[in-house]
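Residue 17 is where the sequence shown starts when you use my numbering, and the numbers rise one by one after that.
The hints are simulated quantities; they were obtained by calculation from the structure and are not laboratory data. Don't be surprised by glycine CBs; every beta carbon is placed ideally from N, CA and C. There's no promise every hint is true.
As the list claims (entries may be wrong) - Calculated lysine to any residue pairs in the SDA-like style (CA-CA distance at most 25 Å, straight line):
1) Lys-128 <-> Glu-203
2) Lys-128 <-> Arg-248
3) Lys-128 <-> Pro-230
4) Lys-34 <-> Gln-148
5) Lys-128 <-> Pro-180
6) Lys-128 <-> Pro-220
7) Lys-34 <-> Glu-242
Claimed, not checked - Cβ-Cβ distance ranges computed for the label pairs, FRET-style:
8) Lys-34 <-> Asp-152: 27 to 33 Å
9) Gln-164 <-> Val-234: 23 to 29 Å
10) Trp-147 <-> Leu-99: 17 to 23 Å
11) Pro-161 <-> Asp-212: 34 to 40 Å
12) Ala-276 <-> Thr-84: 21 to 27 Å
13) Asn-209 <-> Ala-80: 31 to 37 Å
14) Arg-187 <-> Trp-147: 18 to 24 Å
15) Pro-140 <-> Ile-251: 27 to 33 Å
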Amino acid sequence: MRIQTNGIQMNYELMGDKGREVVMLSHSLASSLNMWEPQMDVLSRHFRVLAYDIRGHGGAEATAPPYTLAQLADDAVALLDALHIERVHWVGISMGGMIGQCMALSRPERLKSLSLCDTAAVVPPEAGPVWQERIDLARREGMAPLVQPTLERWFTPAFLGSNPPVVDRIRQQILDTPVDGYIGCSEAIRRLNYLDRLHEIRVPTLIMVGENDPGTPVEASRAMHERISGSRLVILPSAFHLSNIEQAEAFNHELTTFLADNA
């Protein structure tokens, strides 16, 4: 569904019975709310589920870059306000987890819990040139040359070879990402620096990561776990970056258990 809020056209799906607690799903860079397909039905059995497209992705308006994580968090809050939703269980993967950290630090009263999946709390300076290369490539040639390298960071070779329909759907989401949206969000990600503030987070927190994630490795999740008091760390075997897709059954089990514990 489309809605105008915070100065942009946003897109979202809301499913599940009214009156239930709301789980809000925030996706990765170069994806869309459709990446949460393996979770939607499972979660909606017990919760109301709100999945949305981040600015510049899917059906959301792509404004001129750059963006900031604070701006993306403001978009999320504006959507909640427009839908008259006071508090949510935030589930974010990759970029969505970075936005979730911003929410937990700046608007903790809007969160019942926080799930940080395959994400990080800081982008080290040495990663700056890598992000600049991706931004420059997208600006010059569009999204097509970014597709295969992205898929190879997101999924293990075994999964890429044995699940072509799933991979093709994700491939199309990358291709469909507006260049302005990709660049805008990449600029936000490359400035990520919440590590030294994570001790301020007080909401119940789950941290999940694929054991072989090359983009946001286990060490990044351990660093968050060490700093967020009472957080729960889960390492999912045989998964790269999109563990919610590659290991959907294990991911769903850990997530639903955590949510039930904090409902």
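Beta-carbon spacing of Gln-164 to Val-234 - inside the hinted bounds 23 to 29 Å or not: 24 Å, holds
Pair hint outcome, Lys-128 versus Glu-203 [Cα-Cα no greater than 25 Å]: The given pair, whose Cα atoms are some 29 Å apart, is violated under the 25 Å limit.
So if I understand the rule, the pair passes when the alpha-carbon distance is 25 Å or less; does Lys-128 with Pro-230 pass? Between Lys-128 and Pro-230 the Cα gap is close to 30 Å, so the pair fails against 25 Å, i.e. violated.
Under the criterion that the straight-line Cα-Cα distance not exceed 25 Å, is the pair Lys-128, Pro-180 satisfied? 37 Å, violated
Taking 27 to 33 Å as the hint, is the beta-carbon distance of Lys-34 and Asp-152 inside that range? 46 Å, violated
Verdict for Trp-147, Leu-99 (Cβ pair) under range 17 to 23 Å: 33 Å, violated
Supplied distance hint 31 to 37 Å, evaluated on CB atoms of Asn-209 and Ala-80: 23 Å, violated
Assessment of proposed distance window 27 to 33 Å (beta carbons of Pro-140, Ile-251): With Cβ atoms ~21 Å apart, the hint is violated.
Hinted pair, alpha-carbon criterion (25 Å max): Lys-34, Gln-148. Please report holds or violated. 44 Å, violated
So the hint says 18 to 24 Å: do the beta-carbon atoms of Arg-187 and Trp-147 match that? 21 Å, holds
Are Lys-128 and Pro-220 close enough, with their CA atoms no more than 25 Å apart? 7 Å, holds
Holds or violated: Lys-128 with Arg-248, Cα cutoff 25 Å? Holds. Lys-128 to Arg-248 sits at ~15 Å (cutoff 25 Å).
When the structure is compared with the earlier hints, violations turn up for hints 1, 3, 4, 5, 7, 8, 10, 12, 13 and 15 and for no others.
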